[in-house]
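*Asks:* Can you build the whole structure from these sequences, using the hints too?
So you can see what is in the structure, the chains are spelled out below.
Number of protein chains: 2
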Amino acid sequence: MDEQLLQIFEENTDKFLSGEQLSVKLGCSRTAIWKHIERLRQEGYVFEAVSRKGYRMISKPEKLDIPNISSRLTTETFGRHIRYFDEVDSTNNTANALVKEGGVEGTLIIAEKQTAGRGRMGRQWHSPKGKGLWMSLILKPRIPLHFTPHLTLLVAVALCRTIRQLTQLPAGIKWPNDLLIDGKKISGILLESSAEEEKLHHVIAGVGISVNLQAEDYPEEIRGIATSLAIEAGKEVNRSELLVHFLQELESLYKVYHEQGFAPIKLLWEALSVSLNKAVRTQSPQGLKEGFAVGIDDSGALIVRQEDGSLTKWYSGNIEFGASS
Amino acid sequence: MDEQLLQIFEENTDKFLSGEQLSVKLGCSRTAIWKHIERLRQEGYVFEAVSRKGYRMISKPEKLDIPNISSRLTTETFGRHIRYFDEVDSTNNTANALVKEGGVEGTLIIAEKQTAGRGRMGRQWHSPKGKGLWMSLILKPRIPLHFTPHLTLLVAVALCRTIRQLTQLPAGIKWPNDLLIDGKKISGILLESSAEEEKLHHVIAGVGISVNLQAEDYPEEIRGIATSLAIEAGKEVNRSELLVHFLQELESLYKVYHEQGFAPIKLLWEALSVSLNKAVRTQSPQGLKEGFAVGIDDSGALIVRQEDGSLTKWYSGNIEFGASS
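As you go down the protein sequences, you meet chains A and B in turn.
Numbering-wise (the numbering used here), the first sequence opens with residue 1 and increments by one.
Numbering-wise (the numbering used here), the second sequence opens with residue 1 and increments by one.
Among the hints, a few may not be true.
No copy labels: a pair is met if it fits in one copy or bridges any two.
[Claimed, not checked] Calculated lysine-lysine pairs in the DSBU-like style (CA-CA distance at most 30 Å, straight line):
#1 Lys-255 with Lys-289
#2 Lys-199 with Lys-113
#3 Lys-289 with Lys-199
#4 Lys-289 with Lys-140
#5 Lys-278 with Lys-313
#6 Lys-266 with Lys-199
#7 Lys-255 with Lys-199
#8 Lys-199 with Lys-185
#9 Lys-174 with Lys-199
#10 Lys-255 with Lys-100
#11 Lys-174 with Lys-235
#12 Lys-184 with Lys-174
These aren't lab readings, by the way, just hints derived from the structure by calculation.
*Replies:* This is the structure we're talking about:
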């Protein structure tokens with residue numbers, strides 16, 4: 001129905017179409033027409049509505065121009081195969097299915113919209129149409145299973161550096177891989193891995209970047225904690241350019257990691273981190289844990305000094321800043 | 001065709017059936033009948049052949065009696081759900097499919113025969129009908145991803161202890177999880193894991209035990225390196241009893257591990273190991289590595305003293321004993 005409606009508007013560019021006309025053409029009520037137009041608005045279509053004249057389509061959501069992106073990429077493998085979708089449930093799910101069919105390293109799965117985007121700890125990830133970069137990259141790293149956390153940090157470093165270079169916004173990394181600007185989240189990274197004993201079979205690196213969302217694009221309950229590059233920069237950011245830069249930065253760091261190990265990535269992560277030298281706490285299955293974050297170790301774990309002065313390591317979890325009392 | 005042939009023999013127990021009779025009943029040549037009987041022999045059926053009388057079925061392969069096994073199990077979760085198959089490609093594949101449909105912890109997938117059993121490093125695992133225990137257990141351990149190698153060692157410990165208790169055979173563990181008797185392999189363990197960041201989603205513990213195979217059941221190329229409990233004990237071993245004991249031992253150690261951590265498992269592993277205090281070597285992507293195995297560390301890695309006296313850690317690979325030169 002949405003598609004039929006869009007087709008009519010596209011065949012009548014610059015013309016006003018009345019709710020009456022549309023309801024006759026599509027064989028539904030005027031209320032139904034209004035509901036469809038509202039839904040299209042949420043997907044990034046802009047309509048002008050004038051009483052007694054009807055609706056006119058002003059603009060369509062920007063779509064990623066994949067051939068153009070491909071021609072600009074200077075990577076060797078990352079993004080050399082691109083699977084582009086208008087809509088998927090989750091790019092990680094699509095990537096998981098693809099890797100079983102033999103999807104090669106560097107294959108990029110990208111969608112204009114995710115209907116069931118997934119974040120860490122089983123959370124949902126809000127991925128409205130045309131407003132962000134919702135993607136997953138298939139990786140087949142030549143590292144043992146227990147080094148997987150390195151990749152989690154590596155992806156965050158690549159994205160943070162890309163955003164800083166391209167927008168000059170003060171993005172920082174909250175351990176392990178949340179990207180924040182002024183304390184608000186602008187991206188989510190979710191790595192899924194599959195291994196046979198210590199041999200890593202593949203990693204799906206899911207990356208969601210809130211590029212051009214406006215405050216009203218967010219569900220109310222997350223407006224206070226989420227932001228976008230456009231909100232922070234005060235202007236729209238070119239998604240294609242961001243994607244090209246990110247893939248290049250990521251491939252470059254991935255090569256450095258395979259050649260030189262985790263040490264250089266660790267240095268970059270620490271320099272971009274907003275998690276260190278701060279009081280931190282987290283909810284664990286054993287209850288609330290607190291301490292003072294002093295660094296990360298060679299495995300990527302957060303080193304936390306406890307009240308009694310002893311050092312402990314946190315391997316996973318969602319940290320919050322500040323002491324609880 | 002095999003099934004029709006079996007049905008005829010079952011309807012005529014103790015009787016000789018001539019190739020002529022059978023070929024008429026089944027509408028095929030006598031050569032075809034002979035080929036089918038040979039195939040059934042390979043699957044564990046025993047036929048007597050007397051010239052001019054024909055064939056008589058002496059015995060059928062023993063099948064696992066699942067209701068009986070269930071009634072004897074005293075575990076809480078391990079083996080409480082059993083999926084039993086006459087034949088699968090690989091029990092790990094079946095388990096992987098099942099876990100996606102919500103298979104719960106402790107679910108056991110077991111088959112009389114695997115047509116494409118998988119071993120470590122992409123090797124095949126020979127799993128003829130009715131002669132072994134070919135199984136996979138779904139685990140959902142409450143540990144971070146980087147502790148997965150602990151489970152690999154834990155499964156080997158549980159199986160080694162079970163075999164020693166039940167058969168008094170001198171089974172030992174070759175790092176990380178091969179079980180040997182007198183230097184020959186009697187079982188294979190293959191753990192496949194799936195994780196979301198540091199959060200382990202599930203582990204499929206594939207275990208193959210060569211119980212009642214005879215020398216002629218093995219392909220020629222592995223006869224020198226593989227053995228079975230029956231070959232070593234000089235008599236058949238009851239598969240059901242072995243399965244029940246193994247599941248109980250495994251659940252018991254799994255609980256100990258969740259309650260007390262890796263330390264007690266490490267002690268048991270070291271006591272059962274045949275890999276320590278020996279010259280070892282392994283092929284790695286970087287070439288041949290050699291040294292002297294002195295222990296395992298808290299992550300389960302093998303600690304190896306190199307020629308210059310320095311210690312290094314091996315995280316994966318297939319070790320061989322003895323220096324290369």
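*Asks:* For Lys-174 vs Lys-235, is the C-alpha pair at or below 30 Å within one copy, between two copies, both, or neither?
*Replies:* within (25 Å within a copy, 62 Å between copies)
*Asks:* Between Lys-255 and Lys-100, at a C-alpha cutoff of 30 Å, which is it: within one copy, between copies, both, or neither?
*Replies:* within (24 Å within a copy, 33 Å between copies)
*Asks:* Up to 30 Å between alpha-carbons, please classify Lys-174 paired with Lys-199: within, between, both or neither.
*Replies:* This pair counts as both: shortest intra-copy Cα distance 29 Å, inter-copy 18 Å.
*Asks:* Given identical chains, is Lys-255 near Lys-199, meaning Cα to Cα at most 30 Å, within a copy, between copies, both, or neither?
*Replies:* This pair counts as both: shortest intra-copy Cα distance 19 Å, inter-copy 26 Å.
*Asks:* For the identical chains here, do Lys-199 and Lys-113 meet the 30 Å Cα criterion within one copy, between copies, both, or neither?
*Replies:* between (33 Å within a copy, 26 Å between copies)
*Asks:* Cα distance capped at 30 Å. Does Lys-255 pair with Lys-289 within a copy, between copies, both, or neither?
*Replies:* This pair counts as between: shortest inter-copy Cα distance 24 Å, intra-copy 36 Å.
*Asks:* Can you give me the call for Lys-266 and Lys-199, within, between, both or neither, at a CA distance of at most 30 Å?
*Replies:* The answer is both: 23 Å in one copy and 21 Å across copies each meet 30 Å.
*Asks:* Reference check for the pair Lys-289 and Lys-199, CA-CA at most 30 Å: within, between, both, or neither?
*Replies:* between (32 Å within a copy, 18 Å between copies)
*Asks:* Tell me, please, which holds for Lys-289 and Lys-140 at an alpha-carbon limit of 30 Å: within, between, both or neither?
*Replies:* Result: close only across copies, 24 Å inter versus 34 Å intra.
*Asks:* Regarding Lys-199 and Lys-185, is the shortest C-alpha distance of 30 Å or less found within a copy, between copies, in both, or in neither?
*Replies:* For Lys-199 and Lys-185, only the inter-copy Cα distance (21 Å) is at most 30 Å; the intra-copy one is 33 Å.
*Asks:* Is it within, between, both, or neither for Lys-184 and Lys-174, if the alpha carbons may be no more than 30 Å apart?
*Replies:* within (10 Å within a copy, 51 Å between copies)
*Asks:* For Lys-278 vs Lys-313, is the C-alpha pair at or below 30 Å within one copy, between two copies, both, or neither?
*Replies:* This pair counts as within: shortest intra-copy Cα distance 15 Å, inter-copy 34 Å.
Violated hints are absent here; each numbered hint is respected by the structure.
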